[in-house]
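With the hints as extra help, turn the sequences into a complete structure.
Chains G and A, in that order, give the protein sequences.
Oh and the first sequence: position 231 is 231 in the UniProt record's numbering, straight run, nothing missing.
Oh and the second sequence: position 62 is 62 in the UniProt record's numbering, straight run, nothing missing.
Keep in mind that the hints are not guaranteed to be accurate.
As the list claims (entries may be wrong) - Facing chain A, according to a computed beta carbon distance under 8 Å, are these residues of chain G, among others:
hint: 1; residue: 66
hint: 2; residue: 185
hint: 3; residue: 249
hint: 4; residue: 284
hint: 5; residue: 287
hint: 6; residue: 297
hint: 7; residue: 303
hint: 8; residue: 365
hint: 9; residue: 369
As the list claims (entries may be wrong) - Here are the simulated SDA-like cross-link-like pairs (lysine to any residue), alpha carbons at most 25 Å apart as the crow flies:
hint: 10; chain 1: G; residue 1: 193; chain 2: A; residue 2: 69
hint: 11; chain 1: A; residue 1: 71; chain 2: G; residue 2: 86
hint: 12; chain 1: A; residue 1: 132; chain 2: G; residue 2: 372
hint: 13; chain 1: A; residue 1: 123; chain 2: G; residue 2: 323
hint: 14; chain 1: A; residue 1: 96; chain 2: G; residue 2: 315
hint: 15; chain 1: A; residue 1: 71; chain 2: G; residue 2: 353
hint: 16; chain 1: A; residue 1: 146; chain 2: G; residue 2: 353
hint: 17; chain 1: A; residue 1: 71; chain 2: G; residue 2: 164
hint: 18; chain 1: A; residue 1: 117; chain 2: G; residue 2: 134
hint: 19; chain 1: A; residue 1: 66; chain 2: G; residue 2: 192
hint: 20; chain 1: A; residue 1: 117; chain 2: G; residue 2: 192
hint: 21; chain 1: A; residue 1: 96; chain 2: G; residue 2: 368
hint: 22; chain 1: G; residue 1: 193; chain 2: A; residue 2: 45
hint: 23; chain 1: A; residue 1: 67; chain 2: G; residue 2: 197
hint: 24; chain 1: A; residue 1: 132; chain 2: A; residue 2: 63
These are calculated hints, taken from the structure and not from any lab test.
C-beta atoms are modelled at their ideal positions from N, C-alpha and C, and glycine is treated no differently.
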Amino acid sequence: MSEQQGRWRKPASLPLVAEGRPDAGTCITRRTFLHKSLLYGAAGAASYGLFPLLNTIDLAFAQTGQAFRFAWVSDTHLYPRDVNTRFVEKAVRAFQEVQAMDPPADFLIFGGDLAQLGDPVELQLGAELLKEVKIRKVFIPGEHDWYLDMGATWNKMFGASPWTFDHKGVRFIGLDTISRAPDFWTPRKMSAKERMGHMATLDGTLGGAWAAVGEEQLRWLDGTLARWPKDRPVVVFTHNPLYEYYPPWNFWVRDWLPVQEILKPFANVTNIHGHTHQVLYNEIGSMRSIGMLATSWPWPYGPEGVPALTRPMVRADPGDHFDGVGWGELSVSAAARVDNEYRMWRKTVYAAAPEDSGTDDNRNQVLSPRIADRI
Amino acid sequence: MTNPRRRYPLIAVAVVALASVGAGARWAVAHKEPHTAEQLAAFQEVFMEQVRTGDALFHGDAETEKKLGVKLSATGMACAMCHPYTSDTHPHEFPKFQEQMNEFATLRDMINWCIEKPNEGEKIDPDGPAMKALEAYIYWSNRHSKLDPGRH
Chain G
1 MSEQQGRWRK PASLPLVAEG RPDAGTCITR RTFLHKSLLY GAAGAASYGL FPLLNTIDLA
61 FAQTGQAFRF AWVSDTHLYP RDVNTRFVEK AVRAFQEVQA MDPPADFLIF GGDLAQLGDP
121 VELQLGAELL KEVKIRKVFI PGEHDWYLDM GATWNKMFGA SPWTFDHKGV RFIGLDTISR
181 APDFWTPRKM SAKERMGHMA TLDGTLGGAW AAVGEEQLRW LDGTLARWPK DRPVVVFTHN
241 PLYEYYPPWN FWVRDWLPVQ EILKPFANVT NIHGHTHQVL YNEIGSMRSI GMLATSWPWP
301 YGPEGVPALT RPMVRADPGD HFDGVGWGEL SVSAAARVDN EYRMWRKTVY AAAPEDSGTD
361 DNRNQVLSPR IADRI
Chain A
1 MTNPRRRYPL IAVAVVALAS VGAGARWAVA HKEPHTAEQL AAFQEVFMEQ VRTGDALFHG
61 DAETEKKLGV KLSATGMACA MCHPYTSDTH PHEFPKFQEQ MNEFATLRDM INWCIEKPNE
121 GEKIDPDGPA MKALEAYIYW SNRHSKLDPG RH
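Now the structure itself:
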């Protein structure tokens, strides 16, 4: 167990990566959190025996009596095809499997980071691959889609956020959590490509606390839900999680507290998000939060802040680029509960033992923020 | 082991004696003098320059790669995309049996495996400047980790 464990944890309200910042933000090791998750963690099914195991979402809502499913794909991180065919192959596989769902999903939500560097060539490639999916498609952006041209190509091709629609008794909402980065590029006279490069670096220091819902969108969210009955289900799609998990990697939105204030009166809220590229689960009040897999690559769990309710995923094999990734199939149960099935392209989703997990294999690891981009 | 500092008076006497009979022994004195703040700062700067270079390489900086004549990836991916803050590089666990290689491996072996396999880049000189810089950055970032060699 690390001696760092008992040290003070940085409050969320402090600036993220000030010059000379101590390593307090990384002082609690993964072991701490896995340990907690093993002690208090959510019970769950044992390892899945299916192959491939898909990452899907099923919804069945009692008030309408109509069960339905929908699918989530996100974080494909496509490069131009001549740079990287690996990510293309995985995106194609996910889209083909969504289209093959039987009975079919009612719609596909694409959860952001279609492109790697916001290049129109990458976004166009994504649009072409998405033609494989014939069912209804809805989109929210990720930061990788946005910061080359500040969302111009994305909005033109995939539509603006936020949006909402009601489907079989459930109110679905799509938010933009990625477009509100503090302007670090103008004072530094950066090119659009340089700006995009920094925003595309998860552990970069310049972007700071860029993930946010924003005041205007908060008002919109409040208004959208004003006349929605408090006991009826709400599903909120976001790229970033709507709670504080690990701010240095923007595994949060910086204004998650006012978001929670708006959602608190509702008895049945499910947040489904991307960005974290890992098996993740949390509950705050009446809001459940489900982190979805990427098709591109898995992120390690944050050095601290992994929700105690998360059952850690198995360690991915770095030699197999189809390992630790996939998509999601979701359903609404008769009790109006959103259930998720990870469609991970391997036999086993969850770690069977701590040493095989993505968390407790790091009991002696203590990390520091990077240094070379502190300019 | 004898504390080198306890020998300073003896060395000083010896040096004075040697200096009195001729030149050529001053190197022994210079090496044993306590470090000045300026010297320590210079040593640290040498180290941190390597750390910054390694950080740049680790994050896929094309200019640094070109300068050092290495190609760490052919997929567009950089080390940091799977290892933010050098997560899961585990420098404190090497040397150890590394399953992917099916052999007992050092951190440098593992760095080259990652370059060659997942990144599809070109292996680098295990004793060259790019490797030393990558190693410096990974160790610096994990400087609070606890040594745990052999752990898998």
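>> Tell me the hint numbers this structure goes against, listed in increasing order.
In response: 1, 2, 4, 5, 15, 17, 18, 20, 22
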